Amino acid sequence: MDADIALILLQDGIVNGAVYAILALSLVLVFAVTRVILIPMGELVAFGGLTDAALQAGRVPGSLLLLGGLAAAACLAGAVQDRRVGASLLLETVALPGVVAAATLLLAPAHPGPVLAALLSVAIVAPMAAYLYRIAFEPLARASVLVLLIASVGVHLALNGLGLVFFGPEGFRAAGFSAARFLVGGLLVPGQALWIVGLSVLTMAGLALFFARTLTGKALRATAINRLGARLVGISTALAGRTAFALAGLIGATSGVLIVPLTTLYYDSGFLIGLKGFVAAIIAGLASYPVAAGAALLVGCVESFSSFYASAFKEVIVFTIIIPVLLWRSLRSPAEEEE
Amino acid sequence: MRRPLAPLLFVAIGVLPLLPVPNFWITLGDYIGIAGIIGIGLVVLTGFGGMTSFAQATFMGFGAYATALLSTRYGVSPWLTLPVSLAVAGMLALAIGAVTLRLSGHYLALGTLAWAVSFYYVFANLDLLGRNDGISGIPPLRLFGHALIDSRAYFYPVWIGVALCVWLTGNLLNSRAGRAIRALRGGTRAAASFGVNLTATRMLAFTYAAVLAGFAGWLYAHMQRSVNPTPFGLNASIEYLLMVVIGGAASVWGALLGAGLVTVVNDQLQDLLPRLLGSAGSYETVVFGALLVISLQAAPDGLWRYIGRARPAKRTIAATALLPARDLPEPGAPILTATGLRKLFGGLVAVDGLDLALAGREIVALIGPNGAGKSTSFDLLTGVARPSAGTLRLLGHTLPHPSPQVVARLGLARTFQHVRLVPGMSVLENVALGAHLRGRASPAAALLRLDRAEESRLFAEAARQLARTGLLEHADRPADTLALGQQRIVEIARALCLDPALILLDEPAAGLRAPEKQALATLLRQLRDEGHTVLLVEHDMGFVMGLADRIVVMEHGHKIAEGPPDAIRRDPAVIASYLGAAA
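Here the protein sequences line up with chains A and B, keeping their order.
Numbering of the first sequence is given in this note's numbering, commencing with residue 1 and proceeding in unit increments.
Numbering of the second sequence is given in this note's numbering, commencing with residue 1001 and proceeding in unit increments.
I should point out that these hints are in silico values taken from the structure, not numbers from a laboratory.
Not one of these hints is a red herring.
According to the in silico footprint, chain A covers these stretches of chain B (three or more CB under 8 Å from chain A): (1) 1047 to 1061; (2) 1121 to 1127; (3) 1238 to 1245; (4) 1288 to 1294.
Where chain B lies over chain A, by a calculated footprint (3+ residues, C-beta under 8 Å): (5) 136 to 142; (6) 145 to 158; (7) 267 to 280; (8) 305 to 316.
This one's a predicted model, so the numbers in the text were calculated from it and none came from an experiment.
Every residue, glycine too, gets a C-beta built ideally from N, C-alpha and C.
Can you build the whole structure from these sequences, using the hints too?
Listed below in structure tokens is the structure:
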């Protein structure tokens, strides 16, 4: 391999790694706040990208129906859970999807441009995550991590099937924010790559500010550190959970919108993308945000280099990275007790 | 299910192929049996061991590909490839387990998830394994020159296999190793303090489940007579987990029920849903995903609970030879000597240079106000926490690296401030867990019931200790149905089962009523008079003053006084810091 190929692979690795990084961050966030290991993250990514592609093609995306269905189910679950239908529940599960649906139906036939389509896609997909929390996880809030994980896998399975129903088996691509290409030191850098890296850095900065400066962010941190303590000072852990999921939905949909110009997405492409976010999150012990971001870059680079050398086994190689990390963790820490 | 019913059930299943049942249902029965075997493994792993795996279909795939490769390429008889299939699945589990089992439970689940995806690609990309097409032309099983090809003939190897797995699993769970596995769910700290090696026990459950999955893979390969990567992917693994969650993870019958329900429903849905909704989607995955979530929410213990209640097995205690017991130390002999014990948590000094000496046949109480360092001292003495400095000598041994298992082996037994009995196990089984180190039967011996003589000695000992503490009449009740006071006494009986020289009690009187406290004090005096040394950490001054031979008072991590109760009562430092003017 010569230096040019290495540079191209490195660029690919960094671009993909940037996406894995924000996914890994939101996975760590969701786990810390709710103890849910969010396996369906990948579906949110795929849905975001596919919605974007449908909108740019001037079609009303199938995910709009899915949004409606999940909103209705969440409304029902919320009513059962709270034993009443409050204004905030209606705002969240009727008004919000209503506005999003109206905007989509109005704008979709006009072939919205990349930026508008991206914004709409995020607005359609991000609330789904919060609804999923209400439907599947809030009733299990006291269950063990293991039970939550099994439920999470169930949600992944169901969303995967729904993805096929609403998007069909075909793959789609969409136009990116920028079609420009820049020549940097002999390397051709596509504008979309810069958008991806830039937006993911912005997302990280935004999250950092959110956690450091806003009351909601601080409430989320408090919930992550001590659920009981957070409740005692009046933080609603259910609300914190929904917020964490909504953030994850926001980040997942954004990632989908960012990568759909680079690679053809299918209804089930998201799972492997999300799983790579997990590899990074696991390397970080599901705890450290900076380590997760760094590990995600590593995952992206390992992936791009192994797809060059042994493309059939690139997934195998990527997942193998966690072995030495788990081994190191397990040798370093004494047997953990979870009682 | 009561024991006599199980053979009857299998006989009833056995006559099915002889009746005019349509072939379609017999074939479905074959699939149910194979899925049931995997489910039984998950019962041990998830239902009893509290871990889970998303790679059971992968282990199945290893078993299936092993026999497929050997029997097609090298013409090895399928009967000879069976041990290879089991071994391959077991070794893979050992390798994955070695990396993840020391970490908390969700790492195992995530690790297996990643591996399930990885190995799917390995199966699908290796030329040796036929890539996506897999391996076909696998020879059928042959019995007395007769090929078992049609689904009626194959029904017997499958369901004899299921019966065998039910029998082996029952044997394993009702053994010393099985009690250790069952303690992994909610009782790991207690199990460790009676010498159970937690990592090895987790490994045992994980490997056992994988070997059963490998067995299922072997059966599957010779039934289908071809293998390809699809049935060994992640979705298949999730489906096996779904079966166990729906049926009930706490019983092998729940797993079989779940396997039956999910297999039949899956078959019907694949037929029905496309007719209702068109053939565009794989609707059954939607239904299964939703079912998994709903059953976790609505019936987390599974459906079997509503059919057959899992009751702890009744034990008949045979009058067998007693277990060998240690000679208890003489009065005044050194039992435990701590010198300069120190424990730092970051910058906080929790225990600062504690000296403590316990002698044979005395009751010593460790008291002090909240935050004095009592609990930390207790953790240091029982090997739960490692001292930052200082030395610990126990019964003539210096302990450079104390751990709960090490101190248990030397003869230190303990109880817990928050009672830690294994829920779902009977009182007697919980007490028998205390005698873990006094048995040595291997899991392999347990599987084949070669451990029965030792088991009856262990249970005779457990019954003897229960009788000693006056709770023998409750022996067969589930431990979690006893009153708190009785549960504390059960913990003492369990501690006695270790054959301890020294018993450490963590706030044994907390939450007890006055008559219960009196009974407890009488019991502890009796234990001292019979040769045990007792150290208790306690808040209840009245209880301690009337009971202890010697009292050690701590404050701010230091020992501030030590002596007989009368002297402590008059000690000015103690009065000032703890008892207050009123005492």
